[in-house]
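A.B. asks: All chains, full assembly: derive it from the sequences and hints.
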Amino acid sequence: DTGVSQDPRHKITKRGQNVTFRCDPISEHNRLYWYRQTLGQGPEFLTYFQNEAQLEKSRLLSDRFSAERPKGSFSTLEIQRTEQGDSAMYLCASSPGDFDSGANVLTFGAGSRLTVL
Amino acid sequence: QKEVEQDPGPLSVPEGAIVSLNCTYSNSAFQYFMWYRQYSRKGPELLMYTYSSGNKEDGRFTAQVDKSSKYISLFIRDSQPSDSATYLCAMSGRTYKYIFGTGTRLKVLA
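Going down the list, the protein sequences come from chains A and B. Last residue of the first sequence? That's 117 in the working numbering, and every number before it is there in order. Last residue of the second sequence? That's 1110 in the working numbering, and every number before it is there in order.
Everything labelled a hint here was simulated from the structure, so no lab data went into it. Certain hints may be false.
Computed footprint of chain B on chain A; a stretch qualifies when at least three of its residues, placed anywhere within it, have a C-beta under 8 Å from a C-beta of chain B [what the hints assert, rightly or not]:
1. 42–51
2. 107–115
No farther apart than 30 Å at their CA atoms in a straight line, the calculated lysine-lysine pairs in the DSSO-like style are these [claimed, not checked]:
3. B:K1070 / B:K1097
4. B:K1056 / B:K1107
5. A:K71 / B:K1097
6. B:K1002 / B:K1097
7. B:K1107 / B:K1042
8. B:K1042 / A:K14
9. A:K11 / B:K1042
10. A:K71 / A:K57
11. A:K11 / B:K1097
12. B:K1002 / A:K57
13. B:K1067 / B:K1097
14. B:K1042 / B:K1002
15. B:K1107 / B:K1070
16. A:K71 / B:K1042
17. A:K11 / A:K57
18. B:K1067 / B:K1056
19. B:K1002 / B:K1067
20. B:K1097 / B:K1056
21. B:K1042 / B:K1097
22. A:K11 / B:K1107
23. B:K1056 / B:K1042
24. B:K1002 / B:K1107
25. B:K1042 / A:K57
26. B:K1097 / A:K57
27. A:K57 / B:K1070
28. B:K1002 / B:K1070
Footprint (simulated), chain A over chain B, 3 or more residues, beta carbon under 8 Å [stated by the list, open to error]:
29. 1041–1051
30. 1084–1092
Cβ coordinates follow ideal geometry from the N, Cα and C atoms, glycine included.
C.D. replies: Rendered as structure tokens:
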């Protein structure tokens, strides 16, 4: 297993354009998370999936943001009509989801950095 | 009050020093205590974690959890310039939520 993969690593776009990020989690993990991180801050929770079901969305996730995880494998995060305030690192992470395993920790991907001009 | 508090630093130490990084928390239900290392413009890398309580050692790194004081620590022995990064603590309990500190910036001077 190669860990959590994210694509693209860096995206530069003009304000008003749509962007999509992809995440491939660790294959045996059933929970998948999206976070946003800005400079000097810890990761901020956006949303998470258990298998294909999106179970929680943060208030940070405006209606311009949508996330999917079809078939409970990879996930996409789309931002429509991007704004300069959307510039950030978008982090995907996955976890086993088994509280009692002693190993229910979060593993991150390398992140997708978005720059909105 | 935030659920997890972490001093943002920056913390500058000479090469070879012992580094102590700390977080405090308020939620007694936390069971998992994680430390991540994050280099500039990269994703967080899981460094160590502890389940429930106690200490864990891995090479130059030691993670400690004191549940009675709601305090966790990461010690780095014989610090190297390559250890210069931001260190994030994170915690979780029997929920889907992982709560992060803001990160401590560490600079190890050669």
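A.B. asks: None of the hints should be skipped; say for each whether it holds.
C.D. replies: Hint check results:
Only residues whose C-beta sits within less than 8 Å of a C-beta in chain B count toward coverage, and the stretch 42–51 of chain A has 5 of them, enough to reach three; the restraint holds. Counting residues of the stretch 107–115 of chain A whose CB lies closer than 8 Å to any CB of chain B gives 6, so the stated coverage by that chain holds, three being the minimum. Restraint check for K1070 of chain B and K1097 of chain B: satisfied, since their Cα atoms lie roughly 18 Å apart, inside the 30 Å limit. For the hint pairing K1056 of chain B with K1107 of chain B, the CA-to-CA distance comes to about 23 Å; that is within 30 Å, so the pair holds.
The straight-line distance between the Cα atoms of K71 of chain A and K1097 of chain B is roughly 23 Å, inside the 30 Å bound, and the hint therefore holds. Between the alpha carbons of K1002 of chain B and K1097 of chain B the distance comes to roughly 14 Å, so the proposed pair stays at or under 30 Å and holds. Distance hint between K1107 of chain B and K1042 of chain B is fulfilled; the C-alpha atoms sit about 17 Å from each other, no more than 30 Å. For the suggested pair K1042 of chain B and K14 of chain A, the alpha carbons sit about 23 Å apart, so the restraint of at most 30 Å is met.
Of the pairs offered as hints, the one joining K11 of chain A and K1042 of chain B holds, with about 14 Å between alpha carbons and a cut-off of 30 Å not exceeded. With a C-alpha separation of about 19 Å, the suggested pair K71 of chain A and K57 of chain A falls inside the 30 Å cut-off, and the hint holds. At most 30 Å may separate the alpha-carbon atoms for a hinted pair to count; K11 of chain A and K1097 of chain B meet this at roughly 28 Å. In summary, the hint linking K1002 of chain B to K57 of chain A is supported, as the alpha carbons are separated by about 20 Å, within the 30 Å threshold.
At roughly 19 Å between alpha-carbon atoms, K1067 of chain B and K1097 of chain B fall within 30 Å of each other, so this suggested pair holds. Among the hinted pairs, K1042 of chain B with K1002 of chain B is consistent with the structure: their alpha-carbon atoms are about 25 Å apart, no more than 30 Å. Our distance criterion of 30 Å between C-alpha atoms is met by K1107 of chain B and K1070 of chain B, whose separation comes to about 26 Å. For the proposed pair K71 of chain A and K1042 of chain B, the alpha carbon gap of about 28 Å is at most 30 Å, so the pair holds.
A distance of roughly 23 Å separates the Cα atoms of K11 of chain A and K57 of chain A; the hinted pair therefore holds under the 30 Å criterion. Using a Cα cut-off of 30 Å, the hinted pair K1067 of chain B and K1056 of chain B holds, with the two alpha carbons roughly 14 Å apart. Taking the CA atoms of K1002 of chain B and K1067 of chain B, the gap is near 17 Å; set against the 30 Å cutoff, the hint holds. Under the criterion of a C-alpha separation no larger than 30 Å, the hint pairing K1097 of chain B with K1056 of chain B is consistent with the structure, at around 23 Å.
Proposed proximity of K1042 of chain B and K1097 of chain B is supported: the alpha carbons are some 22 Å apart, at most 30 Å. Restraint check for K11 of chain A and K1107 of chain B: satisfied, since their Cα atoms lie roughly 29 Å apart, inside the 30 Å limit. Between the alpha carbons of K1056 of chain B and K1042 of chain B the distance comes to roughly 25 Å, so the proposed pair stays at or under 30 Å and holds. For a cut-off of 30 Å, the pair hint linking K1002 of chain B to K1107 of chain B stands: about 26 Å separates their Cα positions.
Distance check on the hinted pair: K1042 of chain B and K57 of chain A sit about 24 Å apart at the alpha-carbon level, within 30 Å; holds. Distance check on the hinted pair: K1097 of chain B and K57 of chain A sit about 12 Å apart at the alpha-carbon level, within 30 Å; holds. In summary, the hint linking K57 of chain A to K1070 of chain B is supported, as the alpha carbons are separated by about 28 Å, within the 30 Å threshold. Taken as a hint, the K1002 of chain B and K1070 of chain B pair is honoured in the structure, with Cα atoms around 13 Å apart against an allowance of 30 Å.
By the rule of at least three residues with a Cβ nearer than 8 Å to a Cβ of chain A, the coverage given for the stretch 1041–1051 of chain B holds, with 8 such residues. Only residues whose beta carbon comes within less than 8 Å of a beta carbon in chain A count, and the stretch 1084–1092 of chain B has 3; three or more means the coverage holds.
In summary, the structure agrees with every hint in the numbered list given earlier.
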